[in-house]
Structures are given as C-alpha cells and as structure tokens.
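**Q** Order-wise, the sequence lines are chains L and Z.
0 is the number of the first residue of the first sequence in numbering that gives the first Met the number 0; add one for each residue after it.
0 is the number of the first residue of the second sequence in numbering that gives the first Met the number 0; add one for each residue after it.
The reader is advised that the hints may include incorrect statements.
As the list claims (entries may be wrong) - Taking lysine-lysine and the BS3-like style, the derived pairs with C-alpha atoms no more than 30 Å apart in a straight line are:
| no. | chain 1 | residue 1 | chain 2 | residue 2 |
| --- | --- | --- | --- | --- |
| 1 | Z | LYS355 | L | LYS206 |
| 2 | L | LYS78 | Z | LYS60 |
| 3 | L | LYS78 | Z | LYS56 |
| 4 | Z | LYS358 | L | LYS45 |
| 5 | Z | LYS355 | L | LYS346 |
| 6 | L | LYS124 | Z | LYS284 |
| 7 | Z | LYS284 | L | LYS78 |
| 8 | Z | LYS284 | L | LYS206 |
Said to hold, decoys possible - Chain Z stretches covered by chain L per the calculated footprint, using a threshold of three residues with CB under 8 Å from any CB of chain L:
| no. | stretch |
| --- | --- |
| 9 | 120-127 |
| 10 | 394-405 |
It is worth saying that the hints were derived from the structure and are not from the lab.
Note that the Cβ used here is the ideal one computed from N, Cα and C, for glycine as well.
Letter by letter, the chains look like this.
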Amino acid sequence: MPGPDDIARETLPNGITILARANFNSPTLSIRGYLPSGSIFDPDEKLGLSYLTANSLMSGTTHYDFQSLYNEIESVGAKIGFSSGTLTSAFSAHSLSEDLNLIMGLIAECLRRPTFPDRDFNRLKMQMLTGLAIRSQDTAAMASMLFDQAVFAGHPYERPDDGYVETVQAIEREDLVNFYQRTFGPKGLTIAIVGAVEAQTAVDAVKAALGDWDNPGQEPLPDFPPLAPVAKPIRKDLTITGKYQADVVMGCQAPERLSPDYFPLRIGNNILGEFGMMGRLGKSVREDSGLAYYVYSNLSSSLGPGAWEMIAGVNARNVEQAVDLMVAEAQRFVSEPVSAEELDDSKSLFLGRLPLMLESNGGVAISLLNMERFDLGLDYFIQYPEKIKAVTAEKIFETSRKYLDPDKLIVAVAGP
Amino acid sequence: MTDQTHFYTLPNGLTVHLKEIHTAPIVSSWVWYKVGSRNEHPGITGASHWVEHMQFKGTEKYPAGYLDREISRVGGIWNAMTYLDWTTYFQTLPANLADLSLSLEADRMVNSRFQPEEVNMERTVIISEREGNENQPHFLLGEAIQAAAFDQHPYRYEVIGLKQDLETITRDQLYGHYQRYYDPANAILALAGDFEIKQMVDKVQANFGEIPTQGPIKPDIPTETPLGGERRVTVDGPGQTAYVQISYRAPSASDLDFFGLTVLDSLLTGPSSLNMFGSGGTTNKTSRLYRALVEGEISVSCFGTLQATHDPYLYALNLTVHPEHTPEEVLQTVDDELKKMMDAPVTREEIARAIKQAKALFAYSSENISNQAFWLGYTDMFADYDWFQNYVNHLAKVTPEDVLRIARDVLNPNNRVVGFYLPEESLS
Numbered sequence: 000m001p002g003p004d005d006i007a008r009e010t011l012p013n014g015i016t017i018l019a020r021a022n023f024n025s026p027t028l029s030i031r032g033y034l035p036s037g038s039i040f041d042p043d044e045k046l047g048l049s050y051l052t053a054n055s056l057m058s059g060t061t062h063y064d065f066q067s068l069y070n071e072i073e074s075v076g077a078k079i080g081f082s083s084g085t086l087t088s089a090f091s092a093h094s095l096s097e098d099l100n101l102i103m104g105l106i107a108e109c110l111r112r113p114t115f116p117d118r119d120f121n122r123l124k125m126q127m128l129t130g131l132a133i134r135s136q137d138t139a140a141m142a143s144m145l146f147d148q149a150v151f152a153g154h155p156y157e158r159p160d161d162g163y164v165e166t167v168q169a170i171e172r173e174d175l176v177n178f179y180q181r182t183f184g185p186k187g188l189t190i191a192i193v194g195a196v197e198a199q200t201a202v203d204a205v206k207a208a209l210g211d212w213d214n215p216g217q218e219p220l221p222d223f224p225p226l227a228p229v230a231k232p233i234r235k236d237l238t239i240t241g242k243y244q245a246d247v248v249m250g251c252q253a254p255e256r257l258s259p260d261y262f263p264l265r266i267g268n269n270i271l272g273e274f275g276m277m278g279r280l281g282k283s284v285r286e287d288s289g290l291a292y293y294v295y296s297n298l299s300s301s302l303g304p305g306a307w308e309m310i311a312g313v314n315a316r317n318v319e320q321a322v323d324l325m326v327a328e329a330q331r332f333v334s335e336p337v338s339a340e341e342l343d344d345s346k347s348l349f350l351g352r353l354p355l356m357l358e359s360n361g362g363v364a365i366s367l368l369n370m371e372r373f374d375l376g377l378d379y380f381i382q383y384p385e386k387i388k389a390v391t392a393e394k395i396f397e398t399s400r401k402y403l404d405p406d407k408l409i410v411a412v413a414g415p
Numbered sequence: 000m001t002d003q004t005h006f007y008t009l010p011n012g013l014t015v016h017l018k019e020i021h022t023a024p025i026v027s028s029w030v031w032y033k034v035g036s037r038n039e040h041p042g043i044t045g046a047s048h049w050v051e052h053m054q055f056k057g058t059e060k061y062p063a064g065y066l067d068r069e070i071s072r073v074g075g076i077w078n079a080m081t082y083l084d085w086t087t088y089f090q091t092l093p094a095n096l097a098d099l100s101l102s103l104e105a106d107r108m109v110n111s112r113f114q115p116e117e118v119n120m121e122r123t124v125i126i127s128e129r130e131g132n133e134n135q136p137h138f139l140l141g142e143a144i145q146a147a148a149f150d151q152h153p154y155r156y157e158v159i160g161l162k163q164d165l166e167t168i169t170r171d172q173l174y175g176h177y178q179r180y181y182d183p184a185n186a187i188l189a190l191a192g193d194f195e196i197k198q199m200v201d202k203v204q205a206n207f208g209e210i211p212t213q214g215p216i217k218p219d220i221p222t223e224t225p226l227g228g229e230r231r232v233t234v235d236g237p238g239q240t241a242y243v244q245i246s247y248r249a250p251s252a253s254d255l256d257f258f259g260l261t262v263l264d265s266l267l268t269g270p271s272s273l274n275m276f277g278s279g280g281t282t283n284k285t286s287r288l289y290r291a292l293v294e295g296e297i298s299v300s301c302f303g304t305l306q307a308t309h310d311p312y313l314y315a316l317n318l319t320v321h322p323e324h325t326p327e328e329v330l331q332t333v334d335d336e337l338k339k340m341m342d343a344p345v346t347r348e349e350i351a352r353a354i355k356q357a358k359a360l361f362a363y364s365s366e367n368i369s370n371q372a373f374w375l376g377y378t379d380m381f382a383d384y385d386w387f388q389n390y391v392n393h394l395a396k397v398t399p400e401d402v403l404r405i406a407r408d409v410l411n412p413n414n415r416v417v418g419f420y421l422p423e424e425s426l427s
C-alpha cells in the first residue's frame, strides 16, 4: 500500500510539488500531473479557449515542430497527452522506464516553450469544431451537458469545457498565446511519477526538466462563487432526430471532496447505483423491468460543488417509466436507512478493492495526485479503513436527505 | 519477478493454462469458449452474446445476485465479452478467493437454467444495448460494411445480432446453443496470479475434472470466396459529420502474413495497442495516413483496425471526413498513399521502428495481472499461446519485400468494401 514510507515528496522553490513511488514489477512508468489553469479563465464568448490551448501544446515548441516532437515520442512507443478541465490543465504520459529523461524533457518542452504555429492552430480548431458537431449527436454527452447547466447554474461548472460552436469559432491564435502566458507556470504544478525507477531518480528528473521554470505573470485561480441551491424541480428535454435511444441524466447537487459528507455519500452512492449489477437502480430498471442495458449512479466530488447523478440509456418510449423508477429509488433512499447488510457489503467493497485499484502505475499515480490535490495526506491509504468503517446507515441517511430531494430533482433527457 | 507456467489438458478436453505471478495478492481467472457470431446463422444471430447475458442469471447452486454480491464484497471485478470467434468470462479477485472463480465457472458451464421469464426480460435489455449502438454512426456503417464484405461467412453479422432475430429468438434456441458449445472440450481455463501451480492443478481437477464432454466440436462454417471486385455501401443518418470506412479482406491471425500486415498497419495508421486492461498504446501522428489525411486537412481523424481472428476477416481504415471535404476526396487521398505503399518497398528502418514500438506495447501489457491472464487464454481462440510468445519474433522476421507483397495483395481495391456515412444535415 503506498504510504509515507515509500512515497517521495518534494516541493521545489518555484512551487512545483513532486510525488514519486518505485514499482519494479514491469519496465514501464506512468507520469501524471496538473496545474491550476482551466476553463474557469475562459471568457464566455471564447469558451473552449483553455481546452484548445491544452490541446495545442504539442503542436510545436521552440525546439520541435509537430512531426519531430511526435517522432521522438512514438519512436519509443511512448505516449504524452495534455487536456483541460475547469480548474486544472493536466498531462499524462507513459513510457518504458529507460525513457524517463526523454519523456520528462518533452513534457517540459511542451509546458515551457509552446509556439502555437498558425497552421496547426487552424487544424486543431477545425478538429475541435468537428468534435462539437459529433457531441451534438451524442445523446449521453448532450443529456450530461443539459444536466450540468441546470445543477451548476451560476457557477463555472455549468459551462462545458469544450465550449460551443460560436465560442470556439471566436478563438484566435493570439488568445492561446495570452491564455498560456497568464495561466501556465510552475506555481501549483503537481507531478507524480510511478514505475520502474527509484523515487529519487524520478524527483531528480523533474528537477532537471522543470526546476528553473519561472513565470512571474502566472495568475492564481479566481475564486468561484457559491452555488445557489436548486429551488424547484427542473426538466430539460432535447430532441436529437434519427436516434434510436434516449439518455437520461437526473439528480442533485453534492458536496465537495473534502466535506465530511463525502464518505457517507460515496458509500450511499455505491448502494444506490454501483454495487454488484449497478446497485438498487440496476435491480429496478434493468433486472426487474428490462428497460435498460446501462443504468447507474455517480457521485462526482472535486474542488467546489459536486453532483450526484442517476444515469440510464433507454428506448424513447420508456423514458418516463425509467424516470419514475429512478425517482422511486431516490424516494426510498431518503425514506429509510439502507439495511445493515447493504452497508456491510459496500464497506467491504471499499476496503477490498484497493489492491486492484493500485495494481497499475497509472492507478497509483492518480492516487498520489489526489492525495496532494485534496490534501488527503501521504498516509491516506493507511487512514482509509477507519474512514470507511466510521460510516453508519444513519449517517448515510442524514447526509442523503441533506442533498437528495426527490421533489426537486433535475432531469435531463436527450434522444429521438 | 518470478513467473512460472504450466499448460495441460484434462481428460474431458478442457485446456488449462496456469501462470504464477506474485507481484500482488490477486488472481485473475478466465474461461474462454470457442463460440461467437462465427457460429451463428440468420434466425439466431446474436445468440452467443445473449447466452453470455444468461450466464449471469444464476444457477441452483449460485442463485441470481449471489455472485454479484460475493465478488463485489471483496472489491473484485467480473464480466464477460462476446466477439466473432469467442465468448469469455473473467474474474479478478483477492488471491484467497480464486476457489470461487473455479467453482462458479465449473457450475455455469453446465447448470445454467435459462428460465423463460428471464430470457424475455433479457430480450429487452439486449435490444436496448443494440439501440445504444445504433445511436453511433460507426456502428451503422460497420454493420453495413460487414454485410457487404461477406456473402457466406457468418462474419457478415454484427456480434449483437440482427434486430429481427433479437425479437424472435426462443428460449430453446438459446439453451440449445449453450448446450452445444459450453463443453469442456470447447473451452480453455486460464489463471494468472498469486497461487502455487501444484495446488491449483488439484483445485482445477476437483472443480472441472468430472464435467462430461460430447467431444471436440467441429463447427460447419461456410468458407468465403474472394470479393471479386470493389463493393460500395452508403449509410444515410443523422448528424453533420461524414465518415469513411474502407475494409479490406485480411488474413487470419494464424496466417504468417498477419504479422506482415501488422507491420504494414503500424506504418499506415500507427501501432495498435495490445492492451485491454491497462494504460497502453501510443499515438499515430507520424503514421503515413495521419500525415497525408489529418495533417493534410482532408480528414479530422484516422485509425486502422486489424483484428486477430480465426478465419480471414477485415482490415479497416476509419476516417472522419473534414467538414470542408468530401468522402470521395478522402478515398482518393487514401488511395494515393496506398499506391506509394504498393509501388516501392518500405525501408528496414521503418520496420525496425515498428518493432520497437511493438516491444514497448508488449511491456505495458505486462503491467497488470488481468491483462496477463487475458493473453494466457485469448490466443487459443485463433492460434495458440506461441503466437503471443513469439509475436515480436514474428514481426522481426518481416522484410520490406514481405510488406510490399502483402500491400499489393491485401490493399488491392478489388479486395475491399468502401463505406460512406453521409449525414443528413450539412455544415454549410
């Protein structure tokens, strides 16, 4: 189990935090990291700017053009990618462990010296617009977008990180350059390296590549406004003609990751729509009614407000029946505590699954980043069993009632 | 890392592959049956996949829900997949529960009930699964291309089955399919993880040794004649985006040319990841088709799919058309690039690079135990385990002349189906 004894952690003078853990079971390594950039900086009329900037970091740099950069990476069978969310821009890479310095050097090159070549900018922008055209036909993506717009109304999370057609069309190359200069820098950058290298070697590789990076103009993340509670039920329907199946996303607001309400809701969510064949929702909507191939629930909690969602893909004529069944499960969840057996089953799952979660280098790297991002501490996995064991049926009941009001659900449907 | 393997066959024909890996307290257990859409015909298309769903409905020994609970309680995972040539069931569990895997798979190899009301409840679930697929342009185009690419062979049907068959297949047809193909002589059991081989051999015997067999199954699969000329299909559907798929008849996995085609694919569209259960793979930005089509702004994405199959199947080039271009222009640009591949041999350096990439992808595939157990059984569905062990060696033997010959052979327009998905809206 990763813990203080085998995780190296070091913060550099320029604000970068490095986490590393050795694993010599296979000759590979995983590198993951994030920094405090993201769509929260995007103006409404150019929403998608952060997304396009992150996707353009590999278009060209001071020392490489697009082809020569990818030639270095692909020739050794490695992979590097950049992405952007609302509060972070992130990177992810894997390679053979012998290529640590090469890959770390290329990540640093993209982070520190992107040139945003004109021709590549236009190509990536067109790819992004095509992605939006495809999104507009994706019932699951559109239902999820409608749900977010309602559940996070008035908060930066209400906006899709990849923007809308008109906002992406408005983005110019200069916008990327400015966005990069304002929001990319070493302050708050966190990087985790896990794999077949000694932890100190990994730390040294990051120091060599990024230790002297500086950007005095790097702006801190803006504060985000508090989220107004949902006052009344909301129903949103979107017709996408020619489709065969509708997607339903429904639910309510949820607490941030650091809230004491997190663990009771996390286990409650498992009982509602994850455990075994998709929990109580799977039993009701799939097994007993045969309405859906997939139906499940999801608790998303990060920094700032979260959401608790119930999700199903059903034939358009069965939408109302599926929604009614899910509302009924929500009502049941806030009418009576979960049974002792259900609670024991789910707690057992959360304790038992760690070896599988932490088997791959990528899985450990994600866990190390979460420890840092949510201030969980390097002993998180050592304390974890106590946090799980402390959850009671009463606590799940009280916490669920605090967030889940079956009379004020947000329901979003996209389909034929 | 100390790995030890033991491969053997029980008297009832069950093939057993065991591999000790002591890096984590986990065992991954897989049972593979040689049955998939390859073993179906009109009237029962989709039966193999439906049988797979019914295998989760419980038996007298393990009633529905019991195993879901037991496996989830320990944080384990279990699932199943059905494909052209095979159906597989797996569990990855804490090592002390490997016995449960053996017991449940031995039980449902013979004791599944297929109760009529459960068959009917699952009918609507599977139709819902198919409708989810039908929402995707790639599925609609792929289904039309498969139907055009084969006249006789059951590869002409999607694994999930035709909708009319899903509406009419009976309980007895499904049960008959199950009884015919779920036989120890038609299966392979593969386990990898934290166990001792000697003890595991005894446990396998105790669980599977007494299961009766009807002997090896020799399915009667029609052979396919050459396409005899290019075929074209067009699918009209919703959206603003056009897609092109060009599918060539390809050699089976056991054909030595499959390795040459693997190298060819790597140069054309980038190396394919071998990894199903972990991080893996690389990008394809330096591949020939990506450079010509995506950097050339004729398409916005490009990838190849080469699949290891028992019988000759399809090698597909998949392209998303750039909004300012047409499917015909995409096809023309692809053809220009393929012509270069057919005109002159590639360099030895290009082949060496493809092999280095394959080696890296191989290393990723050893990162987790589920993936190692997957490979332990998978290759028996179309070849044998040597295919996996000698994979890189086979690639290393491929010469520029091989690639040229295979390019001329496989990438011949008379050997392909060209499919266009044409959107009903246009981006104007």
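**Q** Work down the list of hints and note, for each, if the structure agrees.
**A** Consistency of the hints with the structure:
Our distance criterion of 30 Å between C-alpha atoms is met by LYS355(Z) and LYS206(L), whose separation comes to about 29 Å. Restraint check for LYS78(L) and LYS60(Z): the C-alpha separation of about 47 Å exceeds 30 Å, so the hint is violated. Between the alpha carbons of LYS78(L) and LYS56(Z) the distance comes to roughly 41 Å, so the proposed pair goes past 30 Å and is violated. The suggested pairing of LYS358(Z) with LYS45(L) is violated, with an alpha-carbon distance near 43 Å, which exceeds 30 Å.
Between LYS355(Z) and LYS346(L), the direct Cα distance comes to roughly 45 Å. Violation of the 30 Å bound is thereby established for this hinted pair. Distance restraint check for LYS124(L) and LYS284(Z): the Cα-Cα separation of roughly 17 Å lies within the 30 Å cut-off, and the hinted pair is therefore satisfied. Distance restraint check for LYS284(Z) and LYS78(L): the Cα-Cα separation of roughly 11 Å lies within the 30 Å cut-off, and the hinted pair is therefore satisfied. The hinted pair formed by LYS284(Z) and LYS206(L) meets the criterion: a straight-line CA distance of about 29 Å does not exceed 30 Å.
Under the rule that three or more residues need a Cβ within less than 8 Å of chain L, the assignment of the stretch 120-127 of chain Z holds, with 8 such residues. Requiring three or more residues with a Cβ within less than 8 Å of a Cβ of chain L, the coverage given for the stretch 394-405 of chain Z is violated, as only 0 such residues are present.
Checked against the numbered hints listed earlier, the structure breaks hints 2, 3, 4, 5, 10; every other hint is satisfied.
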